[in-house]
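Colleague: Read top to bottom, the protein sequences are chains A and B. 1 is the number of the first residue of the first sequence in this note's numbering; add one for each residue after it. 113 is the number of the first residue of the second sequence in this note's numbering; add one for each residue after it.
To be clear, the hints were calculated from the coordinates, so they are not data collected in a lab. Backbone N, C-alpha and C define an ideal beta-carbon position, used for all residues, glycine too. Accuracy of the hints is not assured; some may be wrong.
Distance windows between CB atoms, simulated [claimed, not checked]:
1. 311(B) with 71(A): 23 to 29 Å
2. 521(B) with 13(A): 41 to 47 Å
3. 86(A) with 579(B): 42 to 48 Å
4. 167(B) with 108(A): 46 to 52 Å
5. 13(A) with 315(B): 20 to 26 Å
No more than 25 Å apart at the CA atoms, straight line, and that leaves these computed lysine-lysine pairs for DSS-like [to be verified]:
6. 536(B) with 111(A)
7. 106(A) with 94(A)
8. 549(B) with 111(A)
9. 265(B) with 111(A)
10. 213(B) with 94(A)
11. 26(A) with 265(B)
12. 98(A) with 265(B)
13. 111(A) with 21(A)
14. 265(B) with 21(A)
15. 167(B) with 583(B)
16. 220(B) with 98(A)
17. 106(A) with 265(B)
18. 220(B) with 94(A)
19. 218(B) with 98(A)
20. 94(A) with 26(A)
21. 213(B) with 265(B)
22. 265(B) with 94(A)
23. 213(B) with 98(A)
24. 218(B) with 94(A)
Here is how the chains run, residue by residue.
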Amino acid sequence: MTAYILCLVLFSIGLYCALRKRNVVKIIIGIGIMEYAANFLFVLIGYRSGGRSPIYANDQVIKSMVDPLPQAVVAVAIVLNLSVTLLLVAIAIKLYEKYGTFDITKINDLKG
Amino acid sequence: MAFIPFFIAIPLGAAFLISLAGKRFRASSGPIACAASLFLLAASLAIVKPVLAHKTLVYRVGNWLPPFGIPMIVDSLTALMLVLAGIVVFFVTIYSIGYMKPYTDKWKYYTLLMLLVGGSNGVLLAGDIFNMFVFLEIASISVYALVAYGTEKHSLEGAFKYAVMSSIGSVFIFLGIAILYSYTSTLNMADMAAVLMQKGPGMIVPFVTTLFLVGFGLKAGLMPFHAWLPDAYSAAPATVPALSSGVLIKVLGLYAISRIVFNVFGINAEVSNILVILGSLSMVGGSILAFGQTKMKRLLGYSSISQVGYIAIGLGVGTPLALFGSIFYLLNHSLSKALLFLSAGAIEHSTGTDELGSIRGTCRRSPLAGWASLVGALSISGIPPLGGFWAKLIIIFACIQAGRPMLAFLMVLASIFTLIYYFKAFTGVLFGSESEKSRPFEKALSPHMALALFCLTALVVAAGLVLLPGKWQALINGAVGVLSGGRDYAIILFGAMR
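With the sequences and hints as input, model every part of the structure.
Modeller: Following this line, the structure appears as structure tokens:
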């Protein structure tokens, strides 16, 4: 149970960071933290206490094994998160070139 | 059906081919993209007949049996959306050949365009909730990059806002999927519906529904989550909002949420009330915010928010007539909003600006773009013979029939607002006399742009004919059947998958 609560705390830290911070880089880090928390939760859901990896072999008796599906899913999700982060960082670098600042409150030409 | 995977394979293959060949042979990227989107349109038209005959077609990836394998499913709702996406994408791609001339590195644009199409078709076909998420991310990532494509100050700003908000939405969706998996131990949507029918909703389903409403609401641009939409639309090249408003916010937002809420969870009173509230908020709010706009693409962005509201209300009211109206509205809005954005792009292409004050008298000086935007605006603001009017009328009747006269009144009010802001903005643009601020219409439209605008105008005019009895009406009725059938989805699919 503690692990789930810590996971929620991590998610909330990430959400707070993404919504409240003014620095572009910190916002990107906040989104990264949220994504980690979600991935962590998914792996946690597949965990069975004392479980081992679900690999079948002739001479072994498997008593308890972890659910492999969340791990496969999270492996895909990590790749997606990586590509989002890369794109965000690339846009942030270009934004710094154009606006000369990382402060999101100063990057506000579009409004209305 | 063996050719279902081609809806994903053709655009992804074309993206690969363009990135391979486009760098060396610069002229090849546009024609490859056009050919791919023509194939997609042909395939989506070809699939309508078997769908009408068999109701549900399933392709089992790798021939694994459900619920272990990944199914790709085409039912009436999917087929309708595939045809719609096919039409919009085809004309946008043709239009791009003329429109993208001033830009460099066009092969990157066409690669991203094809990835976007592959992603949105994947969302439509997916029968597995995680597959849906992956395709949704593919489409989203390519559209962030497309918004930033000009790499000018404003397009970067719009793209950054869009990317941040939309990825927060994606995380919420992913979290929802994780929690749903912990409850049902399956990712297959049909199987999930079957498990939920056995186990009951518990406390999990309302929580997950909230997460999904936030996530998909962000993608759809519904009102409290709309802030990215006008910024991203006003900063991007005009083809991107045309695609986004015509295809993406419908597919990633409305289609995905209605598929999950109706077919997996089973709609209930709370969720439909939330949809109605979000819908009315964006319907009224969008049309009020559109009043003060001075830029054409931004105005159209706010109008998109407001029109998505109508569709969400129709989904929320949930009677068969309301669902019919809402799907018909979706069809009309996709075509006419794509047309409006493309003609805004054509005007911007010739004058270099989309400030409403500087582009007066378009009908005289660039007749095709002017008349095209007039037809689009008439259809959206609901002038009788065009499809938009019938769509609004059907939803308003459905609200009265369902015993919600206040909602109907609100919709009439919002329609009047829509009419007023379009009238206010477009009379000057279309028929006004030139003022000292006006810019000259320097560049003429290229034949590709003219062809795309002309065909889309014809389609918008013809869209009302869908209501006449025939193949298309049967398809919309089938789509209504899919949504109002609710969790019969699982039973039908397990029947079709064997």
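Colleague: Is 42 to 48 Å a correct range for the gap between the Cβ atoms of residue 86(A) and residue 579(B)?
Modeller: holds (47 Å)
Colleague: Would the pair residue 549(B) and residue 111(A) pass a check requiring their Cα atoms to be no farther apart than 25 Å?
Modeller: holds (22 Å)
Colleague: So if I understand the rule, the pair passes when the alpha-carbon distance is 25 Å or less; does residue 220(B) with residue 94(A) pass?
Modeller: Holds, because 17 Å separates the two Cα atoms, which is no more than 25 Å.
Colleague: Given the hinted pair residue 94(A) and residue 26(A), is their alpha-carbon gap at most 25 Å?
Modeller: holds (16 Å)
Colleague: Between residue 26(A) and residue 265(B), is the straight-line Cα distance small enough, at 25 Å or below?
Modeller: Within the cut-off at roughly 20 Å; holds.
Colleague: Just tell me: holds or violated, for the beta carbon distance of residue 13(A) and residue 315(B) against 20 to 26 Å?
Modeller: holds (25 Å)
Colleague: Is the Cα-Cα distance between residue 106(A) and residue 265(B) 25 Å or less?
Modeller: holds (12 Å)
Colleague: Between residue 218(B) and residue 98(A), is the straight-line Cα distance small enough, at 25 Å or below?
Modeller: With a Cα-Cα distance of about 22 Å, the restraint between residue 218(B) and residue 98(A) holds, given a limit of 25 Å.
Colleague: Can you tell me whether the CB distance of residue 311(B) to residue 71(A) sits inside 23 to 29 Å?
Modeller: holds (24 Å)
Colleague: Taken at face value, is the distance from the CA of residue 94(A) to the CA of residue 106(A) at most 25 Å?
Modeller: holds (15 Å)
Colleague: Given the hint that residue 265(B) pairs with residue 111(A), test it: the Cα-Cα distance must not exceed 25 Å.
Modeller: holds (14 Å)
Colleague: Assess, step by step, whether the Cα of residue 98(A) is no farther than 25 Å from the Cα of residue 265(B), and give holds or violated.
Modeller: Judged against 25 Å, a Cα distance of about 6 Å means the pair holds.
Hint compliance for this structure: every hint is met.
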